[in-house]
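Dock chain B against the given chain A, drawing on the hints supplied.
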Amino acid sequence: MTFQAETPKDDSARQVGSILAVDCGSVFSRAILVERVEGTYRLVACGEALTQAATGEEVLAGVRRAIQRVAEVTGRALLSERGFPIVPERADGSGVDALVATLSAPPPLRVWLVGLVEEQSLASGMRACQAPYATVCDVLSLVDPAVLDDVGGLTARLQRLRPDVVFLVGGTEEGAEGPIRRGVEALSLAALALSEEARPVLLYGGNSRLRQTVEEIAGPAYRVLAVENVRPSAERERLVPAQNALEGLYLEKASHWDPSLDLLRSWSEHPLQTTARALGHTVRYLGLQAGMDVLAVDLGACTTTVAAQRGQAFTLRSLPGLGMGAWGSGGPKPSPERLALWLPEAIAPEEVLEVAATLGAHPCTMGQVGRELLVEQALARECIARALERAGLRPGLPWDLVVGCGGFLGHLPRPSQAALILLDALQPVGVTVLAVDATFLGPALGAVASVEPLAAAQVLEQDAFLKLGTAVCLEGRGREGDLALRVRVRYENGDTLGVEVRAGTLEVIPLALGERAELELRPGRGFNLGPAHRGRTTRVYADGGVLGVVVDARGRPLSLPAEPGARRQKVQEWHWALGA
Amino acid sequence: MWVPRITRVTERTILRRERLLPEPGEVLVQVGDFVQAMDVVARLHLPSHIQAVDVVRDLRLRDEDIRPYLTKELGETVKAGEPLAVRRGPLGLGGRAARAPAEGRLWRIVGRWVLLEGEPRPLEVRAYLRGRVVRVVESRGAVVETQAALVEGAWGTGGEGYGVLKVVAGRTDPLDRAAVDISCRGSVVVCGFLDSAEALQELAKVQAQGVIAGSLRARVLAVAEEVGLPLVVTEGFGTAPMNADAYALLAQHEGDEVSLLGCAPGVHAQRGPEVAIPVPESGEPAPEPPAGVAVGARVRVLRGPHMGKVGVVQALPLHPQPVDGAPRWGARVQLEGGELVFVPWNNLALMG
Numbered sequence: 001m002t003f004q005a006e007t008p009k010d011d012s013a014r015q016v017g018s019i020l021a022v023d024c025g026s027v028f029s030r031a032i033l034v035e036r037v038e039g040t041y042r043l044v045a046c047g048e049a050l051t052q053a054a055t056g057e058e059v060l061a062g063v064r065r066a067i068q069r070v071a072e073v074t075g076r077a078l079l080s081e082r083g084f085p086i087v088p089e090r091a092d093g094s095g096v097d098a099l100v101a102t103l104s105a106p107p108p109l110r111v112w113l114v115g116l117v118e119e120q121s122l123a124s125g126m127r128a129c130q131a132p133y134a135t136v137c138d139v140l141s142l143v144d145p146a147v148l149d150d151v152g153g154l155t156a157r158l159q160r161l162r163p164d165v166v167f168l169v170g171g172t173e174e175g176a177e178g179p180i181r182r183g184v185e186a187l188s189l190a191a192l193a194l195s196e197e198a199r200p201v202l203l204y205g206g207n208s209r210l211r212q213t214v215e216e217i218a219g220p221a222y223r224v225l226a227v228e229n230v231r232p233s234a235e236r237e238r239l240v241p242a243q244n245a246l247e248g249l250y251l252e253k254a255s256h257w258d259p260s261l262d263l264l265r266s267w268s269e270h271p272l273q274t275t276a277r278a279l280g281h282t283v284r285y286l287g288l289q290a291g292m293d294v295l296a297v298d299l300g301a302c303t304t305t306v307a308a309q310r311g312q313a314f315t316l317r318s319l320p321g322l323g324m325g326a327w328g329s330g331g332p333k334p335s336p337e338r339l340a341l342w343l344p345e346a347i348a349p350e351e352v353l354e355v356a357a358t359l360g361a362h363p364c365t366m367g368q369v370g371r372e373l374l375v376e377q378a379l380a381r382e383c384i385a386r387a388l389e390r391a392g393l394r395p396g397l398p399w400d401l402v403v404g405c406g407g408f409l410g411h412l413p414r415p416s417q418a419a420l421i422l423l424d425a426l427q428p429v430g431v432t433v434l435a436v437d438a439t440f441l442g443p444a445l446g447a448v449a450s451v452e453p454l455a456a457a458q459v460l461e462q463d464a465f466l467k468l469g470t471a472v473c474l475e476g477r478g479r480e481g482d483l484a485l486r487v488r489v490r491y492e493n494g495d496t497l498g499v500e501v502r503a504g505t506l507e508v509i510p511l512a513l514g515e516r517a518e519l520e521l522r523p524g525r526g527f528n529l530g531p532a533h534r535g536r537t538t539r540v541y542a543d544g545g546v547l548g549v550v551v552d553a554r555g556r557p558l559s560l561p562a563e564p565g566a567r568r569q570k571v572q573e574w575h576w577a578l579g580a
Numbered sequence: 001m002w003v004p005r006i007t008r009v010t011e012r013t014i015l016r017r018e019r020l021l022p023e024p025g026e027v028l029v030q031v032g033d034f035v036q037a038m039d040v041v042a043r044l045h046l047p048s049h050i051q052a053v054d055v056v057r058d059l060r061l062r063d064e065d066i067r068p069y070l071t072k073e074l075g076e077t078v079k080a081g082e083p084l085a086v087r088r089g090p091l092g093l094g095g096r097a098a099r100a101p102a103e104g105r106l107w108r109i110v111g112r113w114v115l116l117e118g119e120p121r122p123l124e125v126r127a128y129l130r131g132r133v134v135r136v137v138e139s140r141g142a143v144v145e146t147q148a149a150l151v152e153g154a155w156g157t158g159g160e161g162y163g164v165l166k167v168v169a170g171r172t173d174p175l176d177r178a179a180v181d182i183s184c185r186g187s188v189v190v191c192g193f194l195d196s197a198e199a200l201q202e203l204a205k206v207q208a209q210g211v212i213a214g215s216l217r218a219r220v221l222a223v224a225e226e227v228g229l230p231l232v233v234t235e236g237f238g239t240a241p242m243n244a245d246a247y248a249l250l251a252q253h254e255g256d257e258v259s260l261l262g263c264a265p266g267v268h269a270q271r272g273p274e275v276a277i278p279v280p281e282s283g284e285p286a287p288e289p290p291a292g293v294a295v296g297a298r299v300r301v302l303r304g305p306h307m308g309k310v311g312v313v314q315a316l317p318l319h320p321q322p323v324d325g326a327p328r329w330g331a332r333v334q335l336e337g338g339e340l341v342f343v344p345w346n347n348l349a350l351m352g
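For the protein sequence lines, the chains are A and B, in the order given.
End of the first sequence sits at 580 in the working numbering; the numbers just go up one at a time, nothing left out.
End of the second sequence sits at 352 in the working numbering; the numbers just go up one at a time, nothing left out.
Bound conformation, chain A alone (with noise of 0.2 angstroms):
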């Protein structure tokens, strides 16, 4: 894993020496401080704190704490005595030059989707709303004439639904005009039972050349933005201008959820940001500058957000409601029976959902007995590989790097841990690095990109994720014992190791980090190592990680034994065999 920085032509131009990132999230909020030092930037220290202590605490204080720990790492004071942060730089080595910040604390942005055709502007605006901290509270259809005469249907929905913003698509550019005029009508009337300050705002994302009517007609009613029509042809989509409206209707909730956000805001001169989009910044760059398909999935309390760059595609995906913690506050409650297929031991239904429920009254909290541990493991699995196929990336593709970030994967007692969640979640196929982001480098270099890109790429290159070892993954099936890789290492020193890893198992093969080796591998019958290797015999280097090259001989898409107590064996030496 390489992370090509670009060296800037004129190097003694920049001014930029220290950067301070921010993020404060729903339960923990983290500080890190990136400096130049000796010519390069480097990741100097990182704090993490609490967002709020206590019930009712603004959430800056959480941001403030985790600066404090920032500061009593480095000994070096970054709040003033009012506990605003220095900016820029003093001459006593006190402060820093920039600050960025990024976000993901307050709730969910609440939308309500108003369209016309179910296949059609409905489903691309469903789309639409998959932008970071936006969840879809309901959908309304305007194709059935009786909704649009019944005013008072629709006044009850808003008053029960209580939504941020009302988002109205509908009709290609050369649709027809009626129903959406006549849907903007009835929703205008309908809010008027509404008082001004409690109106959502209407979000409009349709026919392009209704738009002067649609702000006439509902001007009066609501405050009105207009995005281009989200889907301008039968065969055309437009997504992105109306995701980043509602991205931006998120920020400006924020402040009004908690005004000390406003203050944050005021902290820097760089805009804040969604913590999710500083995650995509970051993952874009990866992928596009190193040329590599990488997938980075943050697993947060509230929230699980995948960001994705596969070739040119890149996709971002923040699901709120799905994280760690969610079942405490509403969120969808785990199926025990889901959770059971990752535990290698019998734990109760019941015991289970307790694990999960408690984990959700208290997120700040980590499993400390080994049952907890093993059902916060199997929460975690069943949390990401449900935000995978959410984000529409199934399980079973390539990737040349994989990136788990969020406190709970970084906190875990052991890294394989952490590799073999990742493995069992995502299942990729081939070669690919496998990383943890414990420190929440990921979002931070995402926006500090925004103030120094060349302080990003180079912290990315020396300072970033924790590697956890290359995974080497094979597509197919075979009888259990057969063999299904004979792999041939060639290290770095020159010696040379042989290894034969059967079907149905996972393998641990020494490379220690920093350490580079030559794989040569060729797959039993049955077995591939996915379409970027299809030759008998494939060659390629391997980085060494805390845990190693790791081969997964389970073979895609993974089976575990139906019968209970023998799925349990198959995962308990699972566990065994990484270590985990």
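Read the hints as simulated data drawn from the structure, not as lab findings.
From a predicted model like this one, the values you see are computed outputs, not experimental measurements.
The hints are all genuine.
Lysine to aspartate or glutamate pairs mimicking EDC-like chemistry, simulated, CA-CA at most 20 angstroms apart:
#	chain 1	residue 1	chain 2	residue 2
1	B	K166	B	E254
2	A	K570	A	D482
3	A	K253	B	E23
4	A	K570	A	E337
5	A	K570	A	E507
6	B	K79	A	D150
7	B	K166	B	D176
8	A	K333	B	E226
9	B	K72	B	E82
10	A	K333	B	E225
Relative to chain A, chain B alone:
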């Protein structure tokens, strides 16, 4: 230094609670008023059963000025089928009428539309605490302040409740169906943990006003959400007993009026689950919440094998300690009963 989660379990604190309408309405109290928990401090009438009548369409008008045709004034009531607006034809022939589709009150005229409103839906906000109004928020509500004993919970459901505190089970004991009888009516009952759906259903049947438990078995969760009884659990899920400090405080106030809020916790909620017991005002300042962890601090264990136990910090190791094979920062805590254990910061909460 890490600042752990703070759980308030205190005999006396000054509580201020904002009691606001979601939209502007009428405030019924003034600064200085003494209020009971059930008193309504603000109310509004949400428009309901709105009917829209397209007068231009019904009268076949050419422009949108409908006022000359209206036969009713704003605020007047109309019966179903009664004309709202009439256009007379030449020589009084061939006239047209826009009629009310249902009984209602002429609420608004918007362009070509007349909006009729059915019976408005009242929305009221109660004081929640017995105390004094210290601030009025114009058109929205008030801030009520009181001195109260406070127990913050870990999770809850069922919303706000008010009643008289009644202890029906020991700190480590489940709520027994047999302990629920008519004497629980109007009460907020206290028990160690909840594992009986029947007991909960019976509480709802006898019109108990709420439940406070140390923890809740998962098997009871669906029923707890369904019966809608305000419920606060102090520790989490399973059979962990209520922490000793919370139980002692609640037992000490048995027979007193209590307000409770059963809601899920989380950073997205401005308030968390809580139990508040108003106490007589005292001239002495209320104890401050703990500011930071130090040797001697009283703490509670949130997770792990000692979940729900209370203890005192004995030492703050300078280095991380191994927990299940991983180095963790935390504190050495002497638990009730004398056991000395190391607990990671994330799993500790300061009490006070």
